[in-house]
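Chains as they are written, first to last, in my numbering: chain A, 1474 to 1960; chain B, 1474 to 1960.
No false leads were mixed into what you were given.
Quick look at which bits of chain B chain A covers, simulated, 3 or more residues with Cβ under 8 Å:
#	segment
1	1506-1516
2	1543-1554
3	1567-1573
4	1591-1599
These are computed hints drawn from the structure, not numbers from a lab. All C-beta atoms in this analysis are idealised placements derived from N, C-alpha and C, irrespective of residue type, glycine included.
Letter by letter, the chains look like this.
There are 2 protein chains.
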Amino acid sequence: MADEEAKKVVLDKSDFLNWYNDVVDVSFLCDKRYPIKGMNVWTPYGWKIMQLMDASIRRECDATGHQEVCFPLLIPKTEFQKEADHIKGFDSEVFWVTKGGNNELDIPLLLRPTSETAMYPIFSLWVRSHNDLPLKTYQIVNVFRYETKMTRAFIRVREIHFFEAHTCHKDAEDAEMQIREDCAIMDRVARDLCLPYILTRRPDWDKFAGAVYTIGVDTLLPSRRTLQLGSIHQYHENFARPYDIKYEGSDKQHHYAHQTTYGMSERMVGAVIGVHGDNKGLILPPAIAPFQFVIIPIPAKGKLEQVMDGARALEKELIALGHRVHLDARDVRPGSKHYDWEIKGVPVRIELGPRDLENGTLVFARRDLSTKRTVKRADLKEEALKELKDIEGELLSRAKAIIDDGIRRASTVEEAKEHLSKGWDGIIQTGWCTDMDCAAEMEKALDKAFLGYPLKDVASGELLFSDGQCMICGKPTKDVVYLGRSY
Amino acid sequence: MADEEAKKVVLDKSDFLNWYNDVVDVSFLCDKRYPIKGMNVWTPYGWKIMQLMDASIRRECDATGHQEVCFPLLIPKTEFQKEADHIKGFDSEVFWVTKGGNNELDIPLLLRPTSETAMYPIFSLWVRSHNDLPLKTYQIVNVFRYETKMTRAFIRVREIHFFEAHTCHKDAEDAEMQIREDCAIMDRVARDLCLPYILTRRPDWDKFAGAVYTIGVDTLLPSRRTLQLGSIHQYHENFARPYDIKYEGSDKQHHYAHQTTYGMSERMVGAVIGVHGDNKGLILPPAIAPFQFVIIPIPAKGKLEQVMDGARALEKELIALGHRVHLDARDVRPGSKHYDWEIKGVPVRIELGPRDLENGTLVFARRDLSTKRTVKRADLKEEALKELKDIEGELLSRAKAIIDDGIRRASTVEEAKEHLSKGWDGIIQTGWCTDMDCAAEMEKALDKAFLGYPLKDVASGELLFSDGQCMICGKPTKDVVYLGRSY
Chain A
1474 MADEEAKKVV LDKSDFLNWY NDVVDVSFLC DKRYPIKGMN VWTPYGWKIM
1524 QLMDASIRRE CDATGHQEVC FPLLIPKTEF QKEADHIKGF DSEVFWVTKG
1574 GNNELDIPLL LRPTSETAMY PIFSLWVRSH NDLPLKTYQI VNVFRYETKM
1624 TRAFIRVREI HFFEAHTCHK DAEDAEMQIR EDCAIMDRVA RDLCLPYILT
1674 RRPDWDKFAG AVYTIGVDTL LPSRRTLQLG SIHQYHENFA RPYDIKYEGS
1724 DKQHHYAHQT TYGMSERMVG AVIGVHGDNK GLILPPAIAP FQFVIIPIPA
1774 KGKLEQVMDG ARALEKELIA LGHRVHLDAR DVRPGSKHYD WEIKGVPVRI
1824 ELGPRDLENG TLVFARRDLS TKRTVKRADL KEEALKELKD IEGELLSRAK
1874 AIIDDGIRRA STVEEAKEHL SKGWDGIIQT GWCTDMDCAA EMEKALDKAF
1924 LGYPLKDVAS GELLFSDGQC MICGKPTKDV VYLGRSY
Chain B
1474 MADEEAKKVV LDKSDFLNWY NDVVDVSFLC DKRYPIKGMN VWTPYGWKIM
1524 QLMDASIRRE CDATGHQEVC FPLLIPKTEF QKEADHIKGF DSEVFWVTKG
1574 GNNELDIPLL LRPTSETAMY PIFSLWVRSH NDLPLKTYQI VNVFRYETKM
1624 TRAFIRVREI HFFEAHTCHK DAEDAEMQIR EDCAIMDRVA RDLCLPYILT
1674 RRPDWDKFAG AVYTIGVDTL LPSRRTLQLG SIHQYHENFA RPYDIKYEGS
1724 DKQHHYAHQT TYGMSERMVG AVIGVHGDNK GLILPPAIAP FQFVIIPIPA
1774 KGKLEQVMDG ARALEKELIA LGHRVHLDAR DVRPGSKHYD WEIKGVPVRI
1824 ELGPRDLENG TLVFARRDLS TKRTVKRADL KEEALKELKD IEGELLSRAK
1874 AIIDDGIRRA STVEEAKEHL SKGWDGIIQT GWCTDMDCAA EMEKALDKAF
1924 LGYPLKDVAS GELLFSDGQC MICGKPTKDV VYLGRSY
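Construct all of the structure, not just a fragment, from the sequences and the given hints.
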C-alpha cells in the first residue's frame, strides 16, 4: 500500500524521534493520513500486533480471576463530576458530545478518558456483600484525550486503544495484594514484549487524579528517555465514598470498598518499536509478531513447482506446530521479499531452495542478528522453538543493557552534571529530603523531572531505601528518587 | 450480582417483549441501569457470548481473505457530507462532538454510525492499482445512533457493538461475487447461532443510504416479528466517486472501484435470546455458550472430597477435549446450582455423585429438552460431542419450525386477512406489480411493511420469481414480495 514511498526512506536510529516516525511509516503499522490530528488508522499488520498484545493481557487477567466487561463509552457530565480531584485532572482534556441529531443534549456527555466514573455508579449496585468481593474486572476499549501537545503514533494519540482493570476489595490489605498481583501480570506481559522496565512510585504531584498513590511502569528507549508502559493505582476509599460503593461485612456493618486500577495502552506498541527496532526496520518479539516465520522460496529454473510444494509442506507443518507463518508466494525476487519482511520485523525468515530440498535442510535467517544458519528439516520442531527462544533472549538482553546503562547514581548536582557532560542523558538516581523546594531545584538543575521512588522489591511493594543525602540541601535521607525525561 | 431480584421473576414467553426484557435481566447479560438511555453495560457473561460470536465472524472473515483493521471513531463533518444520500440517511441520528476541553472545535466531529465516511478517504490512498484489488477489510467496533424510539437491550441501543466489512473491487462482477461470499459467511455464522434466516432484497425505499441495493438477513422470532441479523450492501461506484477511489487497470486507464459492505451487530445476541430461550431462561447454542458444560457435584456425607476430586478430574478432561467448562464448587445446594445455570442457558449440566463415581457414570442434563440421561464416564469424549451436536440439531429444527410456520402465501387481501384472522400474524408472501400506490395500499391493508424480495438461491443471488398477480391491482407479475413486522 504505502510501499513505494517506504523504500526511499533511510532509517537512522541515532536521530531517534525521526527514526521512530519513519519506521512506523515504512513498516506501515498505522496510517497517519486520517484527517483528524492524533487519530490514526490501524492497518492489518499493526492491528494484529495490538491484538496479540491484548491476547497476552487477557491470558494473564483471566488466569488471575479477572472478568472482562465492556462499559459504555459516553459518561454523563453529572457522574464525571462526583470525584473532585479526578475531574480537575481531566477537565481540560476531554471531548464533549453536546448534540444528538439536531437536539442539544440536556446533560453533556463526555468520551471516556478512563472509566472510573462510568463504572463506579454501577459497581455501587454490584457490590453489596463481602461475598461480592473481591470484584475484579477489566476491559479493553477505546478512550479519548483531547491532547493539545504534538501527537505521535502509538505514544501520544487522541483515540487510545486501552486496557483498564478495576477492582474492589474488602480492605486496604486486600487492595495492596491486588497491586502486587498487577505487578506480576505486568511482568509476564512485558516478558512477551521482551521489555524490561522500571517500577517507581510516582511523586504525589504526579499521581493519577483521585489516587492515593500511583506506580508507574516505564521502559527506557535508546534515546534514554522513558516511555510509560502502564500504571497501577491505589485508590483506597477515594472513589468508593463519592460513588457510594459499600458492602455489608461479615460483621453486619457497612464498609466502603477499597479500589485499585491498572492501565496499559497501545504505547506498548510504541515501546516495542522504539526499543527493539534498528536501521533496517522493526524487530518484533516472537510472542507478538503477526508472523513468526516467513517462508521465502528460492526458485530455480524448472524447479519452481517442486520448491513451492516443499514450501507449502513446510508452512503446513509450522502451522501445525502452533506457529504463525506466512508463505510469501508473490512473483517477485527473493531479495525483495527478504527486504519487505525485514522492515516488518518478522523474527525468522526461512529460505528454501532446490538444494535444501535435496539435502533435507532449511536456512534460518534471524532478523535480530542478521545471521543465517542451516538446520536439518527433520529437526524443524526443536529448531523452530530454539530459534524463537534465542531471539527472545537476545532482545531481552539488549533491552536490559539499555536500562543498565540508562541509570546512574549521583549524590550531588556536580556529580550528576559530570555524567551528563559526556553525552549521556539518562536517569539520575539520587537522595531527596522530601522538601518541595529541593525537588524544584533538582529538576531545574538537571533539566529532568521526577520519575518517582524506585521499587526495590515488586513482590513486597517495598521502596528502595538507602542511606544518603538530599542532592540539593545535603540533609541525610533514606528516600531514593529517579529523575529523567519522558515521552 | 442481580441474583436476588432475578429469582422473583416469573417468565412468560407468550408475552414476548416482556419476557425478553425479563430474561435479559434474570440471566444478567447486561446491566440496564447505566445512566444513559440505550447504553447498557456488558456483564462478563453477556460479553463472553458476544466475544464468541465475534470469534465466529473473525474465523469466517479470515478464512475468506479479509483483513481486520481499526479506524478512528470520530469522523469530521466535512468528510461525512461527501455522499449526499448517505448523510440524509443518518443526519438526524448521529451524536456530535463539538468541544475539546474548553475549546469549540473548528469542525464538528461525529461518532461513527457506520464507517464508510471514515474509511473511504483512506481507501482512496490505499487503492491505486488493480494489484491492490480486491481490498477486503473488516472491523469490529462500537458505533453510535441517536435513537429517539424506545430502546431495547441488544436490539435497539445507542452504542452498538458492530461488525462491518468493507471491500473494493475492480468491477461490478467481482463485487457481485463478494455479495455471494458474504451470504456464505452469514450462513456459517448463523449455523453457530442455530439461527435459520430469511434473505430478502430490500425494496428501494428501504435500502441503505447510498447503496444500489441492500440484502437484508432476518430471523423470525416466536412472536412472528422479524429481527435483522445483518445486511449486505452493493454500492457499485456510489461512494467511490465522491471519495475518489480509483485504480489503474491493466489497460493503463483509471477506473472507479466497485464497493460492497456487510454489517452485523449485537442484535445477534438478541436473536439468540429471543429465538431459543424459554420460560426457564436462556438456552445457548453450544458454539457461543461461555460454558458448554457445567459440572454440579452432588455431595454425600463423608464423600464430599471424593466427589470434588472426581469433579475436578472431569473438568480437566473436558477442558483438554477443547470444551468450555465450569465446575460449580459453591457451597450451595445442587438444586440451586441447577436453577442458576438453567437461567443462564448452559447447554449441558453434568451431575456427579458418589454413586456415579462407583459406577463409572455421569448424568447429562440437557437444557433444551430438560431431559437427563446416564452416560459412561469412559465414553466421555464421544458422548460430550454427541450431546452438543444433538442440542445444535434440536435448536436449529425448532427455529426452522418458527420460520416455516411464519410465512404464508396469499394472492389477495382477503386471503391474507383470512390467515391473519386466526391469531396468526406472520409474513405474507404475495405478488406485487411494482407500482408504489399498490405497495402503500398493501402495507395499509395488512398493517405490515415490505420486508423485500425473497432470494430464491443464495449461491446465485437470484430472486424468487413466480407467475402470479399483484395483491392489490390484480395485474400479472413475477415479482414476489414478503410483508411482515420487524423489531
